[in-house]
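**Q** Here's the letter readout for the chains.
2 protein chains.
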Amino acid sequence: MNSYCAATYRCYDEKADFDKKALGIAVGLTVGSWTDLPEAKKAEMERHLGKVLSVTVHEPSGPEKTASDRYADITIAYPDANFSRDIPALLVTVFGKLSMDGRIKLIDLSFSPQFISGFPGPKFGIAGVRNLLGVHDRPLLMSIFKSVIGHDLAALREQFYLQAAGGVDLIKDDEILFENPLTPIEKRVEACLQAAEQAKRETGQELLYAVNLTGPTFGLLDHARKAIAHGANALLFNVLAYGFDVLSELSRHPDIKVPIMAHPALAGAFYPSAYHGIAANVLLGKLMRLAGADLVLFPSPYGSVVMPREENMAIKEVLLTEAAESYVYSGSSSANNVQTGAPAGTSAVASDSVGTPAGTSGRSAAAAPVLPLKTSFPVPSAGIHPGLVPLILKDFGDQTVVNAGGGIHGHPMGTIAGGQAFRQAIDASKSGIPLQDYAANGHSELQAAIQAWGSKG
Amino acid sequence: MNSYCAATYRCYDEKADFDKKALGIAVGLTVGSWTDLPEAKKAEMERHLGKVLSVTVHEPSGPEKTASDRYADITIAYPDANFSRDIPALLVTVFGKLSMDGRIKLIDLSFSPQFISGFPGPKFGIAGVRNLLGVHDRPLLMSIFKSVIGHDLAALREQFYLQAAGGVDLIKDDEILFENPLTPIEKRVEACLQAAEQAKRETGQELLYAVNLTGPTFGLLDHARKAIAHGANALLFNVLAYGFDVLSELSRHPDIKVPIMAHPALAGAFYPSAYHGIAANVLLGKLMRLAGADLVLFPSPYGSVVMPREENMAIKEVLLTEAAESYVYSGSSSANNVQTGAPAGTSAVASDSVGTPAGTSGRSAAAAPVLPLKTSFPVPSAGIHPGLVPLILKDFGDQTVVNAGGGIHGHPMGTIAGGQAFRQAIDASKSGIPLQDYAANGHSELQAAIQAWGSKG
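Here the protein sequences come in this chain order: P and A. Here the numbering used here is used: the first residue of the first sequence is 11, the next is one more, and so on. Here the numbering used here is used: the first residue of the second sequence is 11, the next is one more, and so on.
Only chain P is shown next, with the shape it has when bound in the complex:
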């Protein structure tokens, strides 16, 4: 049986024949040409031929719509036989040349079981990270260093201690902290984990420190080994600056015995445009989980650097759904008219279902989980203060990491109180108590935070 991965594109065009365009993609990005092949060759090439699975045209309507709003969502199935089981091969196949072909955005990807079998996925996942921390009954709390560049080890250690003492579960490096003479990775790890030990004597809490893994690509593995040898218990990684495959290589390597936290640096070069790029749920959702990120940061819908809420929710679904998307396209359907040479538009739209949740798949698609991988922690970031915690938990549930920088360091009573205020806000939310009531009931740190930044629940 043939096996296929599928890509969905949103294509804008004022007057294109989208069925014809879809067929052009399905043929052009796979076998190259079809109608001029001899019949005997067609039988042989059939297993390499892309298939048009669906074309849904949205004609502009309503008073404010113009011809330039006309678009179609096109889903194409690409035979696994055409590419190796790595993310660069998949992306180059489905969106290499096509990314440059007019107004077109990659809005979804579905992986076949065969393709995904090449990916171990997150090594720890949500359950593994929780086990390391011994925290199973609440969202986690993460803190970001306030400023790191130009500071020495003593300053970092002090900052680390103040964050840890407030009760945070994870602390991450700033993503712009690279190898430097003041705070090289192995010394930074040692100094910060000493501070973690000091705080643990007071809080009793475990803590993960995601140290920024940087430098030349071919040296990353050795660099990570060095950090881990010096005690690093988590890594931060700027995935998009290195490519998804580097994350995939690191996460699957046996020497990387710690969780990897994916930073979204550069993601804004891909996802915000309606007309170009790669949608956030693919970029920061599916591909991050596939590549093995245990935690994934992305811009929250709450703060200054924002992403629309629905995009946040799409990322969440992709990271958290355990038996996620169903996709099996067997290639046995005759719905694709490239086989008959019939004019595009007559029968090119297949009824096969792609990317639907397991159990609700369409007629020709069997229901099979295709992200049989550990789940990844969604970490909505930027602009988070304690008053937002009820809203975050309403949107994300317990399986999330509340992540704050200024909302901790900028607390009127200091950094330790900043962490405490967040923990109080989490406790209140978990107990279903309005923040104001909980704050008024002897939780002065939360009280001060609400006075400073307000409250949403």
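Don't take each hint at face value.
Intra- or inter-copy, both count: the list cannot distinguish identical chains.
[Unchecked claim] 25 Å max Cα-Cα, derived PhoX-like pairs, lysine-lysine: (1) Lys133 x Lys384; (2) Lys30 x Lys52; (3) Lys466 x Lys440; (4) Lys210 x Lys267; (5) Lys156 x Lys30; (6) Lys210 x Lys466; (7) Lys51 x Lys156; (8) Lys197 x Lys51; (9) Lys156 x Lys52; (10) Lys156 x Lys384; (11) Lys466 x Lys197; (12) Lys52 x Lys404; (13) Lys267 x Lys404; (14) Lys197 x Lys236.
These are calculated hints, taken from the structure and not from any lab test. Given the structure is predicted, the values throughout are model-derived calculations rather than measurements.
Put chain A on the given structure of chain P with help from the hints.
**A** Positioned in the frame of chain P, the structure of chain A alone reads:
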């Protein structure tokens, strides 16, 4: 003396105070905060502080302009002291978080001499590629396989021979040809180079075959070694699917003794939007040359997959200019008002020149070449037929590669004639003879091509 790299952004905002925004970037992406630092600490942190070099606001004007067209070009200098000498560190610093901050596009980058000293650049460059081929007096001609997926070695060998026999200088793999049982890289190299030898006995020409280097990142070096051991004399690489640093690692490695051709697959996810992403001259120009690409493909302005001509010309300039951009910002200027705490907008705009050609730099900037690297061949691609050659040479001059696929394979007289028609078009253009005249003078292959596709000169 402090040393800085600089980034220029185009920021769209209907009502922002762009001077304030620039200052926020300069401080926020370097030391984090400034005004609340103690004076003693400021002296120590000064060398890590970003500087606003220029803010040029474009207010909307004219009948069709709306407030949403309001933008500013902002140039920020980032101290080299803040990041390691690799492309991921630079990109994460200048456009990591910032890429997600509203409508903002990275439109230029300037490298300090100190930063660029970490990069050997292209190992061969234009002169080196020409030496390998022994061709110094004309643009090169490249051919692309017509279809490769699903074809066996014999079919590839035959296709290769037909291209080579027509007189092309380079043949590249399709970028979507990955490791597969039919044509694994080492056998593909051997079969195709046998075909090259056969053609050489007829044409007397040398030929480079850029074989597609694919697969897991940490295995690329070994994979390339294997290909080279089997005779590969050039590599094709999907740079953006792997990250610029992987190209940089490969190109500088002593075992990679062959030119590297950079494919622009996925580039359309970055450059086409006016509001987001990374401009083509940075993405496919400066960063490709910095990372060591000997040849760089990009969508031509002539064909179906198009890029505006001015963007093509910007890429060309960046790839070809030998003593390219001048940029030295010493940090000694007091023009940046973060030092005084004066309100933004009063003196924040420095007069320092960034990214201007050598010799025309501004008052505070010394003229120094900062791309002291070999030049890279620009390869405008897609939609090229022989009739376009005079136009290509007018736009790009001799230091370019004329690159065709359908324009060779689709020739009415066959693939060999397709290559010959291009060589005739190049000869005619070099001699200043109109194509029609040259074709009519006994060059039937060119004649047939012009009849099929027309002519622009």
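**Q** Is it within a copy, between copies, both, or neither that the alpha carbon of Lys210 lies no farther than 25 Å from that of Lys466?
**A** Classified as neither: same-chain Cα gap 31 Å, cross-chain 75 Å, threshold 25 Å.
**Q** Which holds for Lys156 with Lys52 at a C-alpha limit of 25 Å: within a copy, between copies, both or neither?
**A** Between. Shortest inter-copy distance 16 Å satisfies the 25 Å Cα cut-off; intra-copy 61 Å does not.
**Q** Can you tell me if Lys466 and Lys197 fall within 25 Å by alpha carbon in one copy, between copies, both or neither?
**A** Neither: 41 Å inside a chain and 64 Å across chains, both beyond 25 Å.
**Q** My question is about Lys197 and Lys236: at a cut-off of 25 Å on alpha-carbon distance, are they close within one copy, between copies, both, or neither?
**A** within (10 Å within a copy, 39 Å between copies)
**Q** Please sort Lys466 with Lys440 into within, between, both or neither, judging by C-alpha distance up to 25 Å.
**A** The answer is within: 15 Å in one copy meets 25 Å, while 71 Å across copies does not.
**Q** With identical chains, the pair Lys133 and Lys384 could be close in the same copy or across copies; at 25 Å between alpha carbons, which is it: within, between, both, or neither?
**A** within (7 Å within a copy, 43 Å between copies)
**Q** At most 25 Å between CA atoms: does that hold for Lys52 and Lys404 within a copy, between copies, both, or neither?
**A** neither (54 Å within a copy, 42 Å between copies)
**Q** Is it within, between, both or neither when you check Lys210 against Lys267 at 25 Å Cα-Cα?
**A** within (22 Å within a copy, 54 Å between copies)
**Q** Is it within, between, both or neither when you check Lys156 against Lys384 at 25 Å Cα-Cα?
**A** So Lys156 and Lys384 fail the 25 Å test inside a copy (31 Å) and across (41 Å) alike.
**Q** Within a copy, between copies, both or neither: which one fits Lys51 and Lys156 at a CA-CA cutoff of 25 Å?
**A** between (63 Å within a copy, 16 Å between copies)
**Q** Between the shortest in-copy and the shortest cross-copy C-alpha distance, which are at most 25 Å for Lys30 and Lys52: within, between, both, or neither?
**A** Classified as within: same-chain Cα gap 20 Å, cross-chain 63 Å, threshold 25 Å.
**Q** Is the C-alpha distance from Lys197 to Lys51 at most 25 Å within one copy, between copies, in both cases, or in neither?
**A** Answer is between; shortest inter-copy Cα gap is 23 Å, intra-copy 62 Å.
Going down the numbered hints, you'll see the structure goes against 6, 10, 11, 12, 13, while the others check out.
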